[in-house]
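Trainee: One line per chain: the protein sequences are F and G, in this order. Throughout the first sequence, residue numbering follows my numbering, covering 223 to 564 in sequence. Throughout the second sequence, residue numbering follows my numbering, covering 1217 to 1509 in sequence.
To be clear, the hints were calculated from the coordinates, so they are not data collected in a lab. Where a beta carbon is used, it is the ideal one built from N, C-alpha and C, also for glycine. Keep in mind that a hint or two might mislead.
What the hints assert, rightly or not - Partner residues are not named here, just some residues of chain G that face chain F (Cβ under 7 Å, in silico):
hint	residue
1	Cys1408
2	Ser1410
3	Pro1422
4	Asn1423
5	Gly1426
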Amino acid sequence: MGVDMNQNAEKLLDIKDLSITYITDDATIYAVNGLNMELYRGETLGLVGETGAGKTTTALAIMRLLPDRIGKITSGSIRFDDVDVTAASEAEMRTLRGERISMIFQDPMTCLNPVLTIGDQIAEVLESHGITSKEELSKRVDNILTLVGLPPERKNEYPHQFSGGMKQRVDIAIALACEPQLLLADEPTTALDVTIQAQVLALMKELRQKFNTSMLLITHDLGVVAEVCDRVAIMYAGEIIEYGTVWEIFSGTEHHPYTKGLFGSIPSMSEGQRRLRPIDGLMPDPAVQLQGCPFASRCPQCSDRCTAEKPASHRAAGGNIIKCHLFEGEDAGGGNDAGTAG
Amino acid sequence: MKRSSTGEIKRRGQLASVVHRFMKNRLSVCGLVILLALAIFSCSADLFFDYNAQAIAQNAQARFIAPFSEGHIFGTDQYGRDMFIRIVYGGRISLVVGFFTAGFALVFGTIIGAAAGYFGGRVDNLLMRFMDVFLAIPAMLLAICIVAALGGGLVNLLLANGIAQVPRYARIVRASVMGLKNSEFVEAARACGSGHTRIIFSHIIPNALGSLIVQVTLTMASAILSVASLSFLGLGIAPPTPEWGSMLSTGKEFMRQAPHLIIVPGLAIMLSVLSFNLIGDGLRDALDPRLKN
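Given only the sequences and the hints, what does the whole structure look like? Please build it.
Mentor: If you want it as structure tokens, here you go:
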């Protein structure tokens, strides 16, 4: 988990200054505001944040699956390998989805079609990406089922005949059927109990290494992040407010006040009984565009400047990038290029 | 798809459990038996009877024979033709009309409804307002207009009935599609790179099939009734072709001296419509997972 392990690796995903709004009749919701993110080949990036921080919106934008007519990318660019996602045609995107980028969803109970057998659902991805021969299809389906630890004989069964953990395995099978370069995992273990969670995470890790797939793991479980990720991005109100390697985030001393709050909200096993220190207040109303730092209203170290001026990104002594005025003086060289994290 | 390792644990396929629940409903099974009897008689009629000699040719010696006498269980009509044979051949027309009307309405209604529900917005508005126009015209009147314009005959009858039924299907399908298109498995399918056609036909419509199957049985019943009505009015199948509605129409003049001329075709219409409705009821209950027990 060296700091610069990916400096020479190839950039797979490059998001620059991304802003997304949802426009409804009642209000305009600023879901993502000026987000910068990079992901290298074979790397796992954890995207952490509370509900409504814009994590899922970001993932949907990468696949360009934002809800029609309502969700809009207002500025910025998303580059995936050699494709400009924001400018690509619908046909280009369709060949991308499932084959080069795929997604694992949060709830395995609802994301499988109840009236199709799981074999058919796995075959569908392969079929829409060019495999047509019946024998080839059934062979590939058998293979991928074995790979995720399900007996291939069960491919003719329907989703209701599987347990939650098995359904998540089917989801993973569907997502990895075409051996994609990028896997977007949207809280893949939230709906599972802890033992199954560990199995599924181990499975994902194993398969990812096998196919050299990069992964964007969306979660609010810091334990999962520590387990699986190479790098972590902490997201708050549509912005990445802290970014660094797992080592920097979990062991470093200098953090964004929000990150400190997050870690303060985790019960500790080693220390004696103490009350948790949750972060007071709520996330700012996403329908209002803020002048200053989005965390200002909840920040214990807030100053006048925080409410008036948006903070830039600064590199802290530990190497992590923090978007906060408190770290302005501390730039440890080269970190201040307006939020280009990494 | 039972696995031998788990033995004979209750693990029925979806179809098997629907059949099981349907079979528990006695009335629906009655309906199914009546319908099957009708279908078998109609399909195999040519094996036992000679259409031209027995259902069409007149026989002046055997007019108005009462039911259950002289070897005619339903008696004979005013031209001396055996009523049973004519009812059986009439059943052919009724069944064909029922199936094809429902099929026509199912295919076109589903396509229109699915497009409207899935794409929404302007497409939805355009298609559904067009359907509303059709719904505003009484189905019978529409059928009469079409038959009057294009002439009678089986094909025109099918068309007339089918067109009148399309809007109903479009509405049912649209409603289910609008609910289903936001479900997570549709989103998952999109994330897998599936196109619109595949999503509509292999993900959404199979999930909406339950309510459609019920509607199909009800449409068949109403199509049979509608063709009988049109023929009764002289707009449908013309005599001497045996058709229940036209048999009723010609029989009504002899109502007093030979009541079986209208009772027999009347019962045939009633029983077939009833059987379809009973089947529809049973299917609705069997397909509704909330009533599982």
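Trainee: Does each hint hold? Answer for all of them.
Mentor: Hint by hint, here is what the structure shows:
Satisfaction of the interface hint for Cys1408 (chain G) is found here, the shortest Cβ-Cβ separation to chain F being roughly 4 Å, below the 7 Å cut-off. Against a cut-off of 7 Å between C-beta atoms, the interface hint on Ser1410 (chain G) holds, since the closest Cβ of chain F lies about 5 Å away. With a least beta-carbon distance of about 4 Å to chain F, the hint placing Pro1422 (chain G) at the interface is held under the 7 Å criterion. Because the beta carbon of Asn1423 (chain G) sits about 5 Å from the nearest beta carbon in chain F, less than 7 Å, this interface hint is met.
For Gly1426 (chain G), the shortest C-beta to C-beta distance to chain F is roughly 10 Å, which exceeds 7 Å, and the interface hint is violated.
The structure shown violates just one earlier hint, number 5.
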